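J.: We have chain A already, so just place chain B on it with the hints.
Spelled out from the first residue to the last, the chains are:
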Amino acid sequence: MFKRLLEYVGFEPGRFKARWLSGSEGAKFTTTVKEMTEKIKSLGPNKKMRDDII
Amino acid sequence: MMNLAQQLREQAKKLLEEKKVDLVIGFGQGTELARNTPVFIDSPEGVSALTWGPFCANNLAKYLVDYKNDPGSTAVVVKGCDARSVNRLLDDNQILREKVVVIGLPCPGQLEWQKVSAEIKPGSTLKEVVDNGDSYTVKTDSGDYTFNKKDYLLHRCLVCENPNPVISDITIGKEIPVKNYEERFAEVQDLEKLAADEKNEYWNKQFARCLRCYACRNVCSVCTCKVCAFDQMQPMWVSKRTNLSENTAFHITRAFHVAGRCVDCGECDRVCPMDIPLRKLNVKIHKDLGELFNSPTPGTEPGLISPLGGFSPGDPEEFM
Chain A
-4 MFKRLLEYVG
6 FEPGRFKARW
16 LSGSEGAKFT
26 TTVKEMTEKI
36 KSLGPNKKMR
46 DDII
Chain B
31 MMNLAQQLRE
41 QAKKLLEEKK
51 VDLVIGFGQG
61 TELARNTPVF
71 IDSPEGVSAL
81 TWGPFCANNL
91 AKYLVDYKND
101 PGSTAVVVKG
111 CDARSVNRLL
121 DDNQILREKV
131 VVIGLPCPGQ
141 LEWQKVSAEI
151 KPGSTLKEVV
161 DNGDSYTVKT
171 DSGDYTFNKK
181 DYLLHRCLVC
191 ENPNPVISDI
201 TIGKEIPVKN
211 YEERFAEVQD
221 LEKLAADEKN
231 EYWNKQFARC
241 LRCYACRNVC
251 SVCTCKVCAF
261 DQMQPMWVSK
271 RTNLSENTAF
281 HITRAFHVAG
291 RCVDCGECDR
301 VCPMDIPLRK
311 LNVKIHKDLG
321 ELFNSPTPGT
331 EPGLISPLGG
341 FSPGDPEEFM
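As they're listed, the protein sequences go chains A and B.
Counting in the numbering used here, the first sequence runs from -4 upward without gaps.
Counting in the numbering used here, the second sequence runs from 31 upward without gaps.
Derived from the structure by calculation, the hints contain no laboratory data.
One or more of the hints may lead you astray.
Each computed DSS-like pair below joins lysine-lysine, with the alpha-carbon atoms no more than 30 angstroms apart [as the list claims (entries may be wrong)]: (1) B/317 to B/223; (2) B/98 to A/34; (3) A/-2 to B/98; (4) A/-2 to B/43; (5) B/98 to A/12; (6) A/-2 to A/42; (7) B/43 to B/98; (8) A/34 to B/223; (9) B/169 to B/180.
Derived, one-sided and incomplete: chain B residues facing chain A with beta-carbon distance under 8 angstroms [to be verified]: (10) 152; (11) 318; (12) 338.
Since the structure is predicted, the reported quantities are computational estimates derived from the model, not experimental observations.
Just so you know, even glycine gets a beta-carbon here, dropped at the ideal spot from N, CA and C.
One chain only, chain A, in its complex shape (with noise of 0.2 angstroms):
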């Protein structure tokens, strides 16, 4: 839900994620913080409603 509210006023699809996660899954923990990694480089550092860049 917040996922679609956020994309909705404007974030780029990706910039923000939710997993869950056990404390057992520790694999499943690695490759999810990397990609999520890869994504936000892909993308930059995000620029939208900062009030600096205006």
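T.: Chain B only, in chain A's frame:
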């Protein structure tokens, strides 16, 4: 319409005379022809102030919260949409059912007062309003004016779901069939189709105008927290600086805070002094709630569990 107002006054008088309620909250004629104001009546003689017509946009249900600790009962005049608020307030345990008398009026749609006022000669006195089905004829001492509903109704009325109150102890007037002049989610769908940058540009223009007057919060019938996160100084969740960044944080938080409880009465949108289309945020959430959880507009039925406040094994799990 005048006939309905007369019936309303009689019912209110009866309630006050029989001491069934201590207070009747209703609509009264405002300083301008097209603007009605809430009136609070505590004596049978005062009921003549009550009125009813296409200028009764306010959602009076919120005022019930102010009187919840009073010893006596309170009667409130509601339209279909406001009745959803009453259901929500009951579900949130904000008001007690036995202390509230709901006077329901099936509503044929509320006119946008700014548009109407621009046409009517200033200083005119209202004589009568006639509902012609798809238009209203407003009869005044400076002549008659006709307003097509399609062009002059509030947007929320164009997509009205409940013209008839969903909860009511006393119903005045006949049931009105649901009539929509627009597709409910059309506006939201148009906005969704835009690219991320275009959406961002659109909302930046809206949020940058916000004064942070909090009228949207104060008028909201589901904003009933005793201490609001936006007022809190310690911790200060959202800074009080009025700039794009903080305003965005405020509006997203506000919209999401009422997600699953917002009854789409559209009051936030109506009261905004900067004309920020706040309903477009709320309706987006309604659309998603419907698509993801198959949930109807909150308040439509009493005892409806908020889709975000409950769990069902069939819920979508995009986060797994």
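J.: Hint by hint, say whether it matches the structure.
T.: Against the structure, the hints:
1. Among the hinted pairs, residue 317 of chain B with residue 223 of chain B is consistent with the structure: their alpha-carbon atoms are about 14 angstroms apart, no more than 30 angstroms.
2. Between residue 98 of chain B and residue 34 of chain A the alpha-carbon distance is near 51 angstroms, which puts this suggested pair outside the 30 angstroms criterion.
3. In summary, the hint linking residue -2 of chain A to residue 98 of chain B is not supported, as the alpha carbons are separated by about 37 angstroms, beyond the 30 angstroms threshold.
4. Distance hint between residue -2 of chain A and residue 43 of chain B is unfulfilled; the C-alpha atoms sit about 51 angstroms from each other, more than 30 angstroms.
5. With a CA separation close to 41 angstroms, the supplied pair residue 98 of chain B and residue 12 of chain A exceeds the 30 angstroms bound.
6. At roughly 18 angstroms between alpha-carbon atoms, residue -2 of chain A and residue 42 of chain A fall within 30 angstroms of each other, so this suggested pair holds.
7. Distance check on the hinted pair: residue 43 of chain B and residue 98 of chain B sit about 21 angstroms apart at the alpha-carbon level, within 30 angstroms; holds.
8. Simply put, residue 34 of chain A and residue 223 of chain B have alpha-carbon atoms about 22 angstroms apart, close enough for the 30 angstroms limit, and the pair holds.
9. Taking the CA atoms of residue 169 of chain B and residue 180 of chain B, the gap is about 19 angstroms. The hint holds against a cut of 30 angstroms.
10. A distance limit of 8 angstroms between C-beta atoms decides the matter here; for residue 152 of chain B the minimum to chain A is near 39 angstroms, and the interface restraint is violated.
11. Annotation: residue 318 of chain B was flagged as interfacial toward chain A, and the flag holds, the nearest CB pair being 5 angstroms apart, inside 8 angstroms.
12. Checking residue 338 of chain B against chain A by beta carbon gives a least distance of about 7 angstroms; that is within 8 angstroms, so the hint holds.
Going through the hint list in order, the structure does not satisfy hints 2, 3, 4, 5, 10.
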